[in-house]
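**Student:** Sequence:
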Amino acid sequence: MKPAANPIVAAVLGLVLQQAHSAPDEERVLAAVRKAYPATVLDRAVRTPIPGVYEIWMGANVAFVSAKNPRYMVFGRLVDLKTMRDLTATRMASFGAKPPGNASQGREAASYTGPMPVADAITVVRGDGRRELSVFTDPACGYCRELERHLRELPNVTIRYYLLPFQGESLPLAIWCAKDRPAAYAAAMAGSVTPSDATGTCAHPLERNRLLASRLRVGATPTLLFADGTLVPGLLTAEELESRLSANQSKTQQMEETHHATSMP
1 MKPAANPIVA AVLGLVLQQA HSAPDEERVL AAVRKAYPAT VLDRAVRTPI PGVYEIWMGA
61 NVAFVSAKNP RYMVFGRLVD LKTMRDLTAT RMASFGAKPP GNASQGREAA SYTGPMPVAD
121 AITVVRGDGR RELSVFTDPA CGYCRELERH LRELPNVTIR YYLLPFQGES LPLAIWCAKD
181 RPAAYAAAMA GSVTPSDATG TCAHPLERNR LLASRLRVGA TPTLLFADGT LVPGLLTAEE
241 LESRLSANQS KTQQMEETHH ATSMP
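Here UniProt numbering is used: the first residue of the sequence shown is 1, the next is one more, and so on.
Among the hints, erroneous ones may be present.
Just the calculated beta-carbon pair ranges, DEER-fashion [said to hold, decoys possible]: (1) Leu81 with Thr113: 48 to 56 Å; (2) Gly229 with Cys177: 25 to 33 Å; (3) Asp228 with Gly191: 26 to 34 Å; (4) Lys68 with Gly129: 51 to 59 Å; (5) Ala247 with Cys202: 32 to 40 Å; (6) Gly76 with Ala187: 27 to 35 Å; (7) Thr237 with Asp25: 26 to 34 Å; (8) Arg126 with Gly219: 23 to 31 Å; (9) Glu239 with Gly129: 16 to 24 Å; (10) Val125 with Glu26: 43 to 51 Å; (11) Val118 with Glu239: 22 to 30 Å; (12) Ser243 with Arg34: 47 to 55 Å.
To be clear, the hints were calculated from the coordinates, so they are not data collected in a lab. Note that CB positions come from ideal geometry on N, CA and C, so glycine has one too.
Sequences and hints are given; from them, build the entire structure.
**Tutor:** As structure tokens, then:
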């Protein structure tokens with residue numbers, strides 16, 4: 001005798017098959033947002049750690065939408081306050097010089113290899129200083145202070161800090177006008193000097209640094225510029241910094257060896 005079909009099992013199997021043939025969540029969310037904003041070029045939807053909230057990438061720009069109601073977009077950055085990690089900056093860094101989708105506008109600076117005005121930076125050398133890193137920083141920025149904690153763990157590195165007065169000029173000015181700029185910067189990063197008690201007047205590069213940041217499309221601090229020209233916005237751990245610096249050093253050595261080999265008679 002043919003066994004009777006279990007309606008519950010049949011319903012579950014039907015649901016599984018339906019889900020198997022349906023588009024992934026990201027694709028369905030992207031389709032819904034494209035329908036809501038047909039005139040906007042939308043490249044990709046990416047799931048976030050917040051249930052039901054997705055990143056919507058438009059070239060190098062990102063907005064956040066709810067999967068249930070894509071009518072509203074929130075522009076900004078997603079930050080994990082427990083770890084003090086800028087998740088949006090990490091995502092941007094993972095895209096490298098080419099943002100998701102077809103658009104690349106606004107990210108030209110991700111591969112900047114032009115000259116840097118080192119005289120406008122505070123230079124700190126640790127060990128032999130053979131590895132180089134530039135940091136766009138605002139001494140009043142909490143993430144910059146957290147980054148500094150990781151930077152202090154790096155050996156054999158030259159770090160150039162370009163001060164940006166995004167949160168006011170008093171603290172950057174006090175640091176730049178100090179007799180010992182590296183020590184003044186370290187004190188500010190440790191919280192020993194605050195904008196309220198910072199004083200200082202002297203010739204300074206703050207406006208030039210601001211123009212440089214604008215030219216490189218640096219809109220937030222911290223932003224790191226590695227020797228290979230890669231610009232990475234946001235906070236990186238000591239392990240991530242070490243990995244990138246080591247990769248840069250290997251790449252530089254390979255380029256030097258190639259140049260030496262081709263220049264030999």
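**Student:** Please list, smallest to largest, the hint numbers that this structure does not respect.
**Tutor:** 1 and 12
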